[in-house]
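**Q** Sequence:
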Amino acid sequence: MKQFSIGEVARYGGVGVETIRFYEREGLIAEPPRKESGYRQYTQETVVRLRFIQRAKDLGFSLREIKELLSLRIEPLTDCADIQERAEAKVRDIEGKIQTLQRMKKALANLVASCPGRVPASDCPILDALEGSGAHETPISAIGQRTAKKRPNDRSSMKSTTASRRAGKGANHVPTLPR
74 MKQFSIGEVA
84 RYGGVGVETI
94 RFYEREGLIA
104 EPPRKESGYR
114 QYTQETVVRL
124 RFIQRAKDLG
134 FSLREIKELL
144 SLRIEPLTDC
154 ADIQERAEAK
164 VRDIEGKIQT
174 LQRMKKALAN
184 LVASCPGRVP
194 ASDCPILDAL
204 EGSGAHETPI
214 SAIGQRTAKK
224 RPNDRSSMKS
234 TTASRRAGKG
244 ANHVPTLPR
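For my numbering, count along the sequence shown from 1 and bump the result up by 73.
These aren't lab readings, by the way, just hints derived from the structure by calculation.
Quick reminder that beta carbons are idealized off the backbone N, C-alpha and C, glycines included.
Any given hint might turn out to be false.
[As the list claims (entries may be wrong)] For each label pair, taking beta carbons as the anchor points, the in silico distance ranges come out as:
#  : residue 1 : residue 2 : range
1  : GLY190    : GLU91     : 42 to 52 Å
2  : PRO106    : THR151    : 20 to 30 Å
3  : GLN117    : ALA194    : 51 to 61 Å
4  : GLY190    : SER144    : 13 to 23 Å
5  : LYS108    : VAL185    : 58 to 68 Å
6  : ILE167    : GLY89     : 23 to 33 Å
7  : ARG146    : ARG107    : 20 to 30 Å
8  : ILE147    : VAL185    : 48 to 58 Å
9  : GLN117    : ARG137    : 18 to 28 Å
10 : GLU148    : ALA186    : 51 to 61 Å
11 : LEU136    : VAL185    : 35 to 45 Å
Sequences and hints are given; from them, build the entire structure.
**A** Take a look at the structure:
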């Protein structure tokens, strides 16, 4: 059986040498036998396992979940339904993350749409919203759940809006923290 050095296994497995050492410490791959010189000697099976780990990571599985999948592979009483349940749970997890990312995207897009641009940073509605002050006192998490009101593009109305806000006028006025 052909033996591989850690560098060769890293190259064939598409990972770094330190990643291989980390996976050994975490029990994802077995620590291989060593030559008399102390160098590790890996087999083709290690390369196959490294590729499995990388593909599973690419699909969103955590290292803990990958370790469980690897152990299920050798468990004689495990059937494909057990693996399918875990994969379905991962799909649900990914769907939840996608929904969260979509809300974040919508909130950020609404902030971008509310920004007139070309005004001093001290009047930036995006920064105001991140501070939780100004006309955008709504929590960022709620912004994506409603439609944003666009600020006027007319500079004279922007100045009056900004001046009113600074003067403490308006129902939505929230004092800003000193800078």
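**Q** Broken hints, numbered, in rising order?
**A** Hint 4 is the one this structure does not satisfy, whereas the remaining hints hold.
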